[in-house]
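Starting from the structure of chain A, add chain B where the hints point.
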Amino acid sequence: MASTAFKNLAKKVSLQELKWLRDSAPNQQALHNMLVRRVAGEPLQYILGNTPFGPLTIKTRPPTLIPRPETEDWTYKLARFVSQTFPSKQLNIVDLCTGTGCIPLLLSALLPPGSVRSLGIDISELACQLALENAAEAGFSHPVYRVQQDNILSPEFSKTLQEQSFDLITCNPPYIPPSEYHSLPACVKDYEDRDALLADSPDGLLFYRALPSIFKALLRAPNGVFAVEVGHKQGEAVVKLFKDARSFHSIELWNDPWDIPRTVVGRT
Amino acid sequence: MHRFVQSSRTCLRKPSTLSKPRPTRRWLHDSSDSALDALEKDHAKLLRLVRRRIDVRNEAVDQTSNSSTEISKARYMKEYERLNAAWSEWTRARTSLLETSTYLSDEDPTMRALANEERASLLSTLSSLLTSTFPSLLLSSASSSAAGGATSQEEINSYSALIELKAGVGGSESSLFLESLTRTYTRFATLNLLPCTLLQSSPSDSGGLKYATLEIKGEGSYEKLRWESGVHRVQRVPVTETSGRTHTSTVAVVVLPLKEERGDEGEGEELFDMKDVRIEVMRARGAGGQHVNKTESAVRLTHEPSGITVSMQDTRSQHKNREKAFQVLRARLLDRKLLAEQQAYRAERRQLVKGADRSDKVRTYNFAQNRVTDHRIGLTLNGVQQVLDGEWLWQFHDALREDYEKSRFEDLLSEVGE
Numbered sequence: 001m002a003s004t005a006f007k008n009l010a011k012k013v014s015l016q017e018l019k020w021l022r023d024s025a026p027n028q029q030a031l032h033n034m035l036v037r038r039v040a041g042e043p044l045q046y047i048l049g050n051t052p053f054g055p056l057t058i059k060t061r062p063p064t065l066i067p068r069p070e071t072e073d074w075t076y077k078l079a080r081f082v083s084q085t086f087p088s089k090q091l092n093i094v095d096l097c098t099g100t101g102c103i104p105l106l107l108s109a110l111l112p113p114g115s116v117r118s119l120g121i122d123i124s125e126l127a128c129q130l131a132l133e134n135a136a137e138a139g140f141s142h143p144v145y146r147v148q149q150d151n152i153l154s155p156e157f158s159k160t161l162q163e164q165s166f167d168l169i170t171c172n173p174p175y176i177p178p179s180e181y182h183s184l185p186a187c188v189k190d191y192e193d194r195d196a197l198l199a200d201s202p203d204g205l206l207f208y209r210a211l212p213s214i215f216k217a218l219l220r221a222p223n224g225v226f227a228v229e230v231g232h233k234q235g236e237a238v239v240k241l242f243k244d245a246r247s248f249h250s251i252e253l254w255n256d257p258w259d260i261p262r263t264v265v266g267r268t
Numbered sequence: 001m002h003r004f005v006q007s008s009r010t011c012l013r014k015p016s017t018l019s020k021p022r023p024t025r026r027w028l029h030d031s032s033d034s035a036l037d038a039l040e041k042d043h044a045k046l047l048r049l050v051r052r053r054i055d056v057r058n059e060a061v062d063q064t065s066n067s068s069t070e071i072s073k074a075r076y077m078k079e080y081e082r083l084n085a086a087w088s089e090w091t092r093a094r095t096s097l098l099e100t101s102t103y104l105s106d107e108d109p110t111m112r113a114l115a116n117e118e119r120a121s122l123l124s125t126l127s128s129l130l131t132s133t134f135p136s137l138l139l140s141s142a143s144s145s146a147a148g149g150a151t152s153q154e155e156i157n158s159y160s161a162l163i164e165l166k167a168g169v170g171g172s173e174s175s176l177f178l179e180s181l182t183r184t185y186t187r188f189a190t191l192n193l194l195p196c197t198l199l200q201s202s203p204s205d206s207g208g209l210k211y212a213t214l215e216i217k218g219e220g221s222y223e224k225l226r227w228e229s230g231v232h233r234v235q236r237v238p239v240t241e242t243s244g245r246t247h248t249s250t251v252a253v254v255v256l257p258l259k260e261e262r263g264d265e266g267e268g269e270e271l272f273d274m275k276d277v278r279i280e281v282m283r284a285r286g287a288g289g290q291h292v293n294k295t296e297s298a299v300r301l302t303h304e305p306s307g308i309t310v311s312m313q314d315t316r317s318q319h320k321n322r323e324k325a326f327q328v329l330r331a332r333l334l335d336r337k338l339l340a341e342q343q344a345y346r347a348e349r350r351q352l353v354k355g356a357d358r359s360d361k362v363r364t365y366n367f368a369q370n371r372v373t374d375h376r377i378g379l380t381l382n383g384v385q386q387v388l389d390g391e392w393l394w395q396f397h398d399a400l401r402e403d404y405e406k407s408r409f410e411d412l413l414s415e416v417g418e
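Protein sequences, first through last, are from chains A and B. For what it's worth, UniProt numbering labels the leading residue of the first sequence as 1, then goes sequentially. For what it's worth, UniProt numbering labels the leading residue of the second sequence as 1, then goes sequentially.
By construction, these hints were calculated from the structure, which means they are not laboratory data. Owing to the predicted nature of the structure, the values given are computational and were not obtained by experimental measurement. The beta carbon of each residue, even a glycine, is placed where N, CA and C say it ideally should be. Accuracy of the hints is not assured; some may be wrong.
Unchecked claim - Have a look at the derived ranges for each label pair, beta carbon to beta carbon:
hint, chain 1, residue 1, chain 2, residue 2, range
1, A, 220, B, 155, 46 to 52 Å
2, B, 171, A, 28, 24 to 30 Å
3, B, 339, A, 253, 43 to 49 Å
Bound conformation, chain A alone (with noise of 0.2 Å):
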């Protein structure tokens, strides 16, 4: 029979959390072990190793970024957006700050097979090797998916992918502002990578300021199609930073299932 003590560390997690962690645990030390983790603040996802996303069950790894449900849900819509404005047309794709790979994983899943060919960037090491394990468990590596370490906000970024032109690009870079990541809670900032939530500038549109000519230089023209990733109450602005550039047109923002503005998606 449990222990008093793990009884008191099971009613700290909620009964769905603790049958996960239950059905994850090959013994129930290890069930004592990851409890105590989960109390102590860190993320389910880094202790069960995984996420869902889609049908894909992608790697989770500290520092990395763990998926979230929205961009789930937009890459669901963008898959869906995206076959009906190019059917059966094989894409090339760039992933922006692509972390654990997973948003142009979930297109490969979802488009025809063979339709996809991704390129993923980010400037974090382990972030690229994980992305390269998730691209394997899903059955996409070269060239479906393949990855390349590199900063987007350096001067010299297009210029390294200038040979290649783009049908889509993908991004959910950085955009917590500095106020507000000050006041995340701490399992997300205790635990995830800084360079990958925090955007240093007030607004915190410092990564969005710099992706039109990025998308720009990118994006083949005509019928190239981007879709960025949005702060809550960022939708607005980074809308107008896209009409500004005047390279784009039918600029949409799409809301989250929690009726947030979380998608800015444009057309060259």
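Here is chain B on its own, set in the frame of chain A:
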């Protein structure tokens, strides 16, 4: 354009009926063979019913201004052909029998012997048509001949099953028994080579499960398991009971029909309009996105017109929970549709087919006396463990099905009247 022909008997007949020769009532008394007479007398109602069904389908197929859709028309054609083929076999065998009878009193003994053999064989054919072929053809056709929109037995046989179990009275005993029944159905599925998935379950603090939803896929799974719907009652001495008293607890089981999914959630959906479904993802996430890492993935669907709500939270994926929730919604709506059809059917007839109230006690499991009784047909099996192992369930199902078909058949015959 109809051409009416007046016969010497002054009755008007449409060309369609003329082109398909129609025996009049005289055939009932035509026979000069006593065995044939007996057969026809015993199954007079059945024969009249077959004739009537053929006539109805005859007319439905001929009418050009029929409001039936192409699907029901095609179905009519199929049923008509089968029934008509069986009827042709009947008339052929019957005619042959009467011809053969004339040789029964032939001078040549060889001829007599041959005639007797043939007569026996033909009587056997005729008998089999009456006791097996006609009844099965009539029963498998659409339950409501006029409406045309009712679901056929063939369609029902193609459904998969969704089993929802809810703990009833009895506290922890009920939850423990629920867990037990979940295993029973899982084993049953395995025995029948049907893939079985636990869609969701909720553990009870004192052991066992408060509720569970199982999905059992494969043609015929709904048809087999539908008999499990109702309240199951267990009588036993709980493990925790010190004074050896027997407790009674219940579990409510509902078996829902699942049709094969067609693509995305809302595409080509016949059962509901996506606009009528409100999707709620649990708990506002504040800023959401990168700001937050919450693990709840619960989804709740509300189908406004019917008021049906489905909650799903068991998987870690919000998207998967959504998919499963829609699957359950579809199953509940299809179940409603079938119930409505059944009620319409019973309203038209003398109600020999018993209605199934979901809150009726259908089965009692008595551990002390090691027996399980199904109250609908009064069948008792002496082996609680064998039933709970899923091995003996088929015995209940077969008996219930037979009983149901018998009632339906009697209903059909009552259509004909005296």
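Against the structure, the hints:
1. For residue 220 of chain A and residue 155 of chain B, the hinted distance range of 46 to 52 Å is satisfied, since their beta carbons lie about 49 Å from each other.
2. Hint check: residue 171 of chain B to residue 28 of chain A, Cβ distance near 27 Å, so the stated range 24 to 30 Å holds.
3. Evaluation of the 43 to 49 Å hint for residue 339 of chain B and residue 253 of chain A yields a pass: the beta carbon distance comes to about 44 Å.
When the structure is compared with the earlier hints, no violation turns up for any of them.
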